[in-house]
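Each protein sequence line maps, in turn, to chains X and W. Residue 1 is where the first sequence starts when you use this note's numbering, and the numbers rise one by one after that. Residue 300 is where the second sequence starts when you use this note's numbering, and the numbers rise one by one after that.
Derived by calculation from the structure, the hints in this document are not laboratory data. Be careful, since some hints might not be right.
Unchecked claim - FRET-style restraints, in silico, Cβ to Cβ:
id, chain 1, residue 1, chain 2, residue 2, range
1, X, Ala178, W, Val447, 28 to 38 Å
2, X, Arg290, W, Leu538, 30 to 40 Å
3, X, Ile272, W, Leu318, 35 to 45 Å
4, W, Lys307, X, Arg290, 33 to 43 Å
5, W, Met373, X, Gly22, 50 to 60 Å
6, W, Thr374, X, Phe188, 55 to 65 Å
7, W, Ser400, X, Gly198, 50 to 60 Å
8, W, Asn387, X, Leu131, 27 to 37 Å
9, W, Ala404, X, Phe188, 54 to 64 Å
10, W, Thr374, X, Arg186, 50 to 60 Å
11, X, Asp57, W, Ile557, 52 to 62 Å
Ideal Cβ placement from N, Cα and C applies to all residues, glycine included.
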Amino acid sequence: MRTLSIATEILGKILHLSTFLGILRDLLRIRAFAVGLIGILALTIFSLIGGLVTSYDRTYAGAFDPQLPPNPRNPLGTDLLGRDIYAQLIYGLSNSLAIGIIAGAIGTLLGTLIGITAGYFRGFVDSVLRLFIDVNLALPSMLVLVLIASYFRGLDYIGMALIICLFNWAWPARQVRAQTLSLRERDFIYLARLSNMGRFEILVREIMPHLTPWMVANFVNATISAILTESGLSIIGLGPQRSMTLGMILHWALSYAAIYRGLWWWWATPVIFLSIIFIFLYLIYMGITRYFAEREVFA
Amino acid sequence: MSSPFFIKYFLSRLGFYILTIWITLTLTFIIPRLVPGDPITAALSMLSEAGALRGSQEIVDEYKKLFGLDKDMMTQYLSYLGQILRGNLGISITNFPSSVSTIIATALPWTIILLSTSTIISWILGTFLGALAGWRGIEKKRFELLSVAALLLYIIPYYIVAILILWLFIYTIPIFPRETGYGSINLTLESILDALRKSSLPALSIVISSMGWWFLSMRSLIATVKREDFILMAEAKGLKSSTIMWKYGFRNALLPQITGLTLALGHITAGALVTEIIFAYPGIGWLLYQSILQLDYPVIQGIVILITFTVATANFIVDTIYPLFDPRIRR
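Isolated chain X (complex conformation) (with noise of 0.2 Å):
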């Protein structure tokens, strides 16, 4: 029992769970977070349900007559290999949003500890590592990545994700470095190194909970990049052939041309929900840099 109780000390004290609830309630009161918060969040609570109206073998070829529009037993109708387009969007949100949380989560997490370990250590380290940020950052990371898929085929949509974590940790870690940089010459970390506070403690008890707020819009960041990527890749022919995504549904659309052939519930279908999946995601990332201009934390 004891240990259980200090075990979740440990955990409160790391999460900062009462002041993430803080924060949490005095974002909501922004407009623009709360409107996006709610969106992603019925979207993906539709994704969820909705797959509990369908199933997946509708979306196979051939499983309804090809181009019909929406009816009462395709709600969106079917494409030109005659798979149903309502269920395909329902997996396709799924996966897509799987990706973006995914890759924006690895990519915000490996380049919070890069950006973290630069700005703390400097000198050697960080010259090694600033300049494979540096690197990273000037590469075309679509063209990289165009490269990569293209050997690597037949990823499904962990892989993908997987491979877009590769580009996705760079922009945070620059992010994460300049703000140690500045962090670590506050007086409250002087403060802790006076009282003999160990380097590793010093990183995860006084810099890391003030790098939280940064953490959290480059992950709402590089979610909205995760996302942007696979479905760019995807149009181009190199999505995850195994799973189905808003990409591929859009990749197929396309390659069948379905907007010359007039077939709008097929290629519209992706189109509405990337939009909505962009405006969301980015309504959440403008109410939290407002949130934290607001207190100077974006200094």
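The hints should help you fit chain W onto chain X, whose structure is shown.
Just chain W now, kept in the frame of chain X:
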């Protein structure tokens, strides 16, 4: 700027530039070798199964000779670097025996014409509208509407704008030419005009989708300048408000915006790959798409190298030249 400092700065940028190129070349060397099996052979066998290939053995031999595929890794690597640095990007698989450089050289002018024209038009429109909106104040209703539109264009990916434009102007109101250009562009007036006409629709989509960013950045730049003391001074002197805006505000806000344009122009090879695919416009993006469909690995690799090279070069030039022009960033 003192010259020893500039030389040191220049050398560090040059070192970074060379490092970026070297890392790209190394990546393009390593990635294909991480795949189990030999991708060249795999691609060839897939194509010959489809009956779409002539001279497959010649290609394999040619590759072995060019890149020393039968030797050890280090020799392969050095010979690869040597070939690429001499401008030899290999030979296309689907268009054997055309060299990758020739194929890319055919597609490149299309991309350059499309992207340079549309980037400049978009920049001009976005910058002026942004300046007006930032200066005249956000309180005016029509500028507020413009700002929301710009923000939307900034958030929504460019290929979605391209899809909507395609649907609007080709399917719904078919007023634009549906056929697109193929073949090479000569440097005759006629040929260039023809390319411009065929680029009109993809260009329109790029102009619209990138305008949002130019608008937003100019708006915030000029709003910052407006709070400067010299603007107050100019007002106190009783200058005409239009003079203050264009001569004092606009000119001072313009420099970062010009840097943005220079960078964007340097990135045009990578700028709108997907737009070209959507409009079947025969530039680098379309070539990339075709090569991916046909598993033409040498061409894919050549495009990746070319684009990284141009982007890195553009960054290098801007980094080097910029401190010469803007005294404010001299350290």
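### Beta-carbon spacing of Asp57(X) to Ile557(W) - inside the hinted bounds 52 to 62 Å or not
56 Å, holds
### Task
Please test the hint of 33 to 43 Å on the beta carbon pair from Lys307(W) and Arg290(X).
Cβ of Lys307(W) to Cβ of Arg290(X): about 40 Å, so the range 33 to 43 Å holds.
#### Entry: Whether the CB-CB distance between Ala404(W) and Phe188(X) falls inside 54 to 64 Å
Once the Cβ atoms are compared, 60 Å apart, the range 54 to 64 Å for Phe188(X) and Ala404(W) holds.
### Task
Starting from the range 50 to 60 Å, see whether the pair Ser400(W) and Gly198(X) falls in it by beta-carbon distance.
With a Cβ separation near 57 Å, Ser400(W) and Gly198(X) satisfy 50 to 60 Å, so the hint holds.
### Outcome of range test on Cβ distance (Thr374(W), Phe188(X); 55 to 65 Å)
Holds - the Cβ-Cβ distance for Thr374(W) and Phe188(X), about 57 Å, lies within 55 to 65 Å.
### Task
Please test the hint of 50 to 60 Å on the beta carbon pair from Met373(W) and Gly22(X).
58 Å, holds
### Query
Within 28 to 38 Å or not, the Cβ separation of Ala178(X) and Val447(W)?
At roughly 31 Å between Cβ atoms, Val447(W) and Ala178(X) fall inside 28 to 38 Å, so the hint holds.
### Outcome of range test on Cβ distance (Ile272(X), Leu318(W); 35 to 45 Å)
Given range 35 to 45 Å: holds, Cβ gap about 43 Å.
### Query
Does the Cβ-Cβ separation between Asn387(W) and Leu131(X) fall within 27 to 37 Å?
29 Å, holds
### Message
Please check whether Thr374(W) and Arg186(X) have a Cβ separation lying inside 50 to 60 Å.
### Response
54 Å, holds
### Query
When you take the CB atoms of Arg290(X) and Leu538(W), is the distance between them in 30 to 40 Å?
Check passed, 35 Å falls within 30 to 40 Å.
Going down the numbered hints, you'll see the structure goes against none, and every one checks out.
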